[in-house]
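Trainee: Spelled out, the chains give:
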Amino acid sequence: MASKVLVVDDSAFMRNLLKQLLEGEHEVVGEAENGVEAVELYRELEPDVVTMDVVMPIRNGIEATSEIKSLDAGASVIMCTSVGQEEKMREAVEAGADGYITKPFQKPNVLQAIADVIQAEA
Amino acid sequence: MNLDVRSLRTFSRLAHSGAEKAAGSLTTLAGIDTYVNVTKVELGTKSDVENEFAERDLVSVHIGFSGGLDGHTVLAFSPESAERLVDALMPGIDATDADGELAESSLKEVANIMLGGFIDGWADYLDTTVDITTPTYVDDENDGPLDRVDAEGFENGGDDEHVLVFRNQLEAADNAIEFDLYMVPTAASIGTIVEASGDDGALPVESFAAFSEMINDGATQASEDITAMTGIDTTVEVSRLSFVPIEGVPMSLTDAVRRGVVLEFSGTPSGYIAILFDEPSAENIASSLLPGMEGDEAMRQSAIQEIGNITTSGFLDGWANALETTIDISPPKHVHDIGSAIIDPLATDLAQSQEYAFLIDSTIRTDDDEFTCDIYALPDETELRKALKQLSPAA
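Protein sequence lines, in the order shown, are assigned to chains D and G. Mind the numbering: the first sequence is residues 4 to 125 in the working numbering, read in order. Mind the numbering: the second sequence is residues 96 to 490 in the working numbering, read in order.
What the hints contain is simulated information worked out from the structure, not anything from laboratory work. Wrong hints could be hidden among the right ones.
For each label pair, taking beta carbons as the anchor points, the in silico distance ranges come out as [to be verified]:
no.	chain 1	residue 1	chain 2	residue 2	range
1	G	ASP328	D	GLU28	37 to 47 Å
2	D	GLU89	G	ALA446	28 to 38 Å
3	D	GLN115	G	HIS431	33 to 43 Å
4	D	ASN112	G	PRO386	35 to 45 Å
5	D	MET4	G	SER142	33 to 43 Å
6	G	GLU450	D	GLU28	33 to 43 Å
7	G	ALA446	D	MET4	30 to 40 Å
8	G	GLU450	D	ASP75	46 to 56 Å
9	D	GLU90	G	ALA393	54 to 64 Å
10	D	ILE61	G	ASP462	34 to 44 Å
11	D	GLU89	G	GLU359	46 to 56 Å
12	D	MET4	G	GLU419	18 to 28 Å
13	G	ASP328	D	ILE61	49 to 59 Å
Backbone N, C-alpha and C fix where the C-beta goes; we use that ideal spot for every residue, glycine too.
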């Protein structure tokens, strides 16, 4: 079943790439360039899943995830990150991330990660 | 054997002063005003040095030294520079002619005088006697570039063992002749020099070798990430850890125009990283990531920024995991300028707190040279020292 996805990444290229990967599978309902926009759009759009970059200006993805989770404990957030450091992953999990994909990613990994968090939610 | 930043500074100063003597010798001999561009103390593998010789198609003259210090010195020229130098010494002689005995002989004599002067400086500092061998002319067609250099490394293994290389880039005032002066001492001789510099609290040289391996692993991960993203099959050509006076950092890059990203990293260690592509490579990357979007320059720039971001993560994540720490990375800043101008502000910032810099550089490219990406990292000296301490066998 198609889910409503909010794509958060400071890179226009990565947002575009994610939209292409999700086309026909899920509906991208919004895009945010930083953590502040992500929280605002989450409130407004109430997506099923958020794909969240970690390193972003203004507010990073870990802080934004933490805030989204405090607004909605049931929010599903997947960290989409190029950072493969174990300590960073632990921080993301502590902030409430439900899953993560490491860049550069392939379409099957993205779809699987979304399917996993939706299934866990159900 | 232990090494410390103080030893490296001593090495750097000695190598620079020796190279200045060598430059002065050439000025006297050939009437060509020559100066030392940059002096680096590099830690790499013997095969890295050989790859560079092969890549640049260098011709070289080798001189061994023994006695108070043991090792090899090499004076290396591009074929064009060799030709111009011979022409200055003996107008009308072709330096690239295989039968050009006179040309070869003149290059050997230049090397003999320059390298002799270089070694004398080290012998004086150590208050010892160092004998030098007769010079040997080597071109890549007849010999492996370092076949004659018996570079005994720290691990006493094969070509992948680490060696300390003193590298000086010299240049004639009119930019027409450029050459590199290498000195590769044996491990035992490095110990002799360290002892003479009276270091205390130095780190085992194995820490530097371990860090050098981490750099290579990071570059390999970065190469794999670029390949995964773009479909362009890349490999790591070279990875080096150099110790260089801070003002020499921008001179380590050529004046070719580069495009890419600069990021700041913080943690242990902190510093700056630049991921730079030559212009055709940057265009190739943007096209492979965004087929059919040649007109969307903003999106193409974003693609280059993102690949710089992913490459940086690939490069630094291994460090963070090996050091059991976290390294934060800033968002990537797009840069498009000549290489030295891109690096200059980063070096200027570090110069506020340090006189010398550890410069890490790795090159990722395709076999056909259609794609080249250079990674330059400039960690904070104090914090890198902390990281190196953590990597020491006793830690």
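Trainee: Indicate, hint by hint, whether the structure satisfies it.
Mentor: Hint-by-hint comparison with the structure:
no. : hint                              : result
1   : ASP328(G) - GLU28(D): 37 to 47 Å  : violated (29 Å)
2   : GLU89(D) - ALA446(G): 28 to 38 Å  : holds (34 Å)
3   : GLN115(D) - HIS431(G): 33 to 43 Å : holds (37 Å)
4   : ASN112(D) - PRO386(G): 35 to 45 Å : violated (21 Å)
5   : MET4(D) - SER142(G): 33 to 43 Å   : violated (55 Å)
6   : GLU450(G) - GLU28(D): 33 to 43 Å  : violated (56 Å)
7   : ALA446(G) - MET4(D): 30 to 40 Å   : violated (58 Å)
8   : GLU450(G) - ASP75(D): 46 to 56 Å  : holds (53 Å)
9   : GLU90(D) - ALA393(G): 54 to 64 Å  : violated (34 Å)
10  : ILE61(D) - ASP462(G): 34 to 44 Å  : holds (42 Å)
11  : GLU89(D) - GLU359(G): 46 to 56 Å  : violated (22 Å)
12  : MET4(D) - GLU419(G): 18 to 28 Å   : violated (42 Å)
13  : ASP328(G) - ILE61(D): 49 to 59 Å  : violated (37 Å)
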